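Asks: Below, each chain spelled out in residue letters.
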Amino acid sequence: MGTELAAGTAREEVLRRIRVAIADTPAMDAAAVRSEWESLPRDYKRTASLDREAILELLEDRLRDYDATVVRVKAGEVSAEIARMLTERGKRKLVVPEGLPEALGEALPDGFEFGVDHGLTNADLDGFDGVVTASTVAIAETGTIVLQRVPGQGRRAPTLAPDYHLCVVRTADVVETVPEAMARLEPTASLATTFVSGPSATADIEMTRIKGVHGPRFLDVILSA
Amino acid sequence: MRVSLFITCYNDTLFPETGKAVVRVLERLGHTVDFPAGQTCCGQMHWNTGYQDEAMPLLQRFVDQFRDSEAVVSPSTSCIAMMKDHYPLMAERLKDEKLKAEVAELLPRVWEFSQFLTQKLGLEDVGAYYPHRVTYHASCHGLRSLHLGDGPQRLLRAVRGIDLVEIENLEQCCGFGGTFAIKNAEVSSAMLSEKIRGVLNTRAEAVTGCDNSCLMHIGGGLHRERTGVRPVHLAEILASEEGDGL
Amino acid sequence: MSGQALDPTTAPKFQVAAKALMGDSQLRKNVRHATNVIQAKRARVVQEMPDWQELRESGKQIRQHTMRHLDFYLEMFERNCTAAGGVVHWARNAEEARQIVVGLVKASGANGVSPTEVIKIKSMTTEEIQLNKALEAAGIHAYETDLAELIIQLGHDQPSHIVVPALHKNRSQIREIFKREMKLPGVDFSELGGTPQDLADAARKFLREKFLRVQTAVSGANFLVAETGGVCIVESEGNGRMCLTLPETLISVAGIDKVVPTFQDLEVLLQLLPRSATGERMNPYNSIWTGVDKAPSGGDGPRAFHVVLMDNARTEILADEESRQTLHCIRCGACQNACPVYQQTGGHAYGSVYAGPIGAILTPQLMEMHHAQSLPYASSLCGACYEVCPVKINIPEVLIHLRNKVVKQQSSGFNILANPEVMALKAVAKVFQSEAVFRVSQKMGRLAELPLSRKDGQGVGWIGWLPGMLGGWTQVRDLRVMPKQTFREWFEERAKTAPGRRSGDKAGEGGKNGH
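Protein chains in written order, with numbering that gives the first Met the number 0: chain A, 0 to 224; chain B, 0 to 245; chain C, 0 to 514.
In case anyone wonders, no lab produced these hints; they're calculated from the structure.
Any given hint could be a false lead.
[As the list claims (entries may be wrong)] Below 27 angstroms or equal to it, Euclidean Cα-Cα: the simulated DSSO-like pairs (lysine-lysine) are:
#, chain 1, residue 1, chain 2, residue 2
1, C, Lys425, C, Lys495
2, C, Lys182, B, Lys182
3, C, Lys182, B, Lys99
4, B, Lys19, C, Lys483
5, C, Lys442, C, Lys404
6, B, Lys119, B, Lys83
7, C, Lys40, B, Lys182
8, B, Lys119, B, Lys19
9, C, Lys28, A, Lys210
10, B, Lys83, C, Lys391
11, A, Lys210, C, Lys40
Here the structure is a predicted model, which is why all the values come from computation and not from measurement.
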């Protein structure tokens, strides 16, 4: 695809053109640019305005708008609820990320086949009924659950290939607004991150909204204290 | 107050009735109107069509004609928007500090007619009588550049005898767009159709607005289709009095 | 429209294309329906945001700040992406970008054998550079995996909207396309159902097989995060996640205008974009990843990740201070939905993958003003686009600026003689510079129109036909004739007959400029 020299030439040329184009901007060092960035106006809402209970109710509301089933449980009841939901849905064989029981603080329920994802192939993943994970943060205003590449949430493929996703969200991880969520994610910003806001959807055919083109068509959420 | 009227090139030539109406309303309200005779055009057509160099001299001309006016009023949202949106920029481009200062000093005294009544004079009832069913069309310049809000509608609602009905696509562009109406006649016509449909759905006798460029376009279509609905500038409604026999 | 790529260098003038397309009733109905639906949804989710204007202002400021320091942020992105295991390439233009991508795809095959297939996520940038054609020429078939793009691809068609590219097709047309073109061993698509759900299910089946098998993917990028070296893709269907996660090699093509300074800046853009684009509080899936997962085995996502940073005339736009804001665009399509011109014509009329208001300013500039000169005029300057732009691009101002550029081109040297409009407008400008000449031309106009005038029932003269350029007016509108007396003539006469009333300006009758 060309010599090193050619590649370097394109880079230098593009950067040169940029510098000529923005010659009207005074020359600044990194600290000055950072300072200019810091002084950009941010008068939009950056903190919560609702109380905790209202925030949780808002999240539940938004998730139900997406046809997700949401159940609230007390600490220690997660495993039992997982069992109940999987039974109700008729799901037997689930893929789970490494470190899920530790992330939940509870052992997974008996009576189901939980395959731990130590690096399953795409073909393997196709054989599961669904996936169970924890989560990093949830945004009430938009009904979003955010997953990252950490123990209990795992690689991205397993939450994508199966048709059903059961997600455990801790109430302490629920925030009201997007800025609050980004602030929580910032320390781990370079981990692979997925924002999930309802099942996959398209309105490409006559503007009719259809669910579940790719990715899980069914989402259940356990909101645990 | 002594008000200087900027009639605009197209109103002067095609819609003198609107100018006469502005004079009548202002005099009824106790003001005097003068008319700096050297005025021609604000330069909008040229500026918007891409002939910016040709528009520049018209800025100086406007300032020369009106610099000593107590207030400048014009029954054209597009011309006033042209001035407010572009005259300062044009003076800047000309690198003429004196002109820049004069523009900055003059523009706050320049008003679109309905805005002059509602914002400068704080009025809604100007003593008008117009016993007809009327619908109002909001020109894009009035809506988005001058932020007239519901000022024109408030003036209209205060007119005795009027039956004011709201059009369904109030904020949708009528399709005039200056030279757009000619350069893109097909699309302009399609947009006009939508606006006419909105007008006809109100069953109004007349469609009004603050800008004869829109009204010329809408009225031209209404006439072509022999709808019997007529365009009438807001100023002419406000000028109308009992006993006019209109 | 089929087959022919939307190519601004060969597309017909907007007026010509629009005229043809406006005769397509289904297109017009579909465009109207789609734009109305999205506009209504957008309005709902924007109205519930008390800080919407503040978000727009921050969005504008962030983009403006980025462009002012574009080299700084691109280099930062390159450093951080590379440190995380990504490989960054630079392309000066479309041709170079195509060459780089084709080369990377070829090199991505196992055992040194070039793959013959890649899977793609919808990317306006790759359409801009006509990447698929270049891949085909190299023996590589690129499967579009976004449902609308799949419909377009299988139908040998072109996108007509940034966000809903196949809005000009209805379900029966889509069904026909799928029946005819979808081929999957062991699956019979001939008995395909006709509801949107049936069609989506067919697409799911057709594409899933590809997702699980094809090892190389090509994407665009919504945002490149300089601070972390991360890339963000915003999508609805899940095909993006499939392409970004399952294959071995991922190649992302991004215009240099896609970079944003920090991770935090996404908090603004991820609120502005979904609400503006599809009228949702948040679109179903956002993926943010940085470089590659360096686990020795069973890693998360592709092992090889490449970013191609492309200029392709963006630096030209950057250099023009008045139209630099064009680069702030985050490709939401809200301007298209709000545009009363787009609503009448749909996207193909613009002859470019970028249509509507943003297309009218971006396309001519990407062509360095050599083509698409009719696009800046494809607007009535109503300003509805500016009102809805999430990053406050003053599109009407840029349109006027580009019109000025077009006129200068057309007025240079001998071009001017071939251009009646230029001659006419220059003449009119001279008329306005003298009150006396203006008055004379008013009188002349009155005389000239006499033969064209016909009186109506009230005795008012109307013109139903005008010659030449002006004929555009009388196509569907009548023109009332000039009244016998202009306003200024009336005012002067009134002043003469009523003592105490003043007519002229301070310098007396005729004014100091009356000559």
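Asks: All hints, please: hold or fail.
Replies: Hints versus structure:
no.	hint	verdict
1	C:Lys425 - C:Lys495	violated (35 angstroms)
2	C:Lys182 - B:Lys182	violated (46 angstroms)
3	C:Lys182 - B:Lys99	violated (68 angstroms)
4	B:Lys19 - C:Lys483	holds (14 angstroms)
5	C:Lys442 - C:Lys404	violated (34 angstroms)
6	B:Lys119 - B:Lys83	holds (16 angstroms)
7	C:Lys40 - B:Lys182	violated (33 angstroms)
8	B:Lys119 - B:Lys19	holds (21 angstroms)
9	C:Lys28 - A:Lys210	holds (24 angstroms)
10	B:Lys83 - C:Lys391	holds (19 angstroms)
11	A:Lys210 - C:Lys40	holds (17 angstroms)
Hints 1, 2, 3, 5 and 7 from the earlier list are contradicted by this structure; the remaining hints agree with it.
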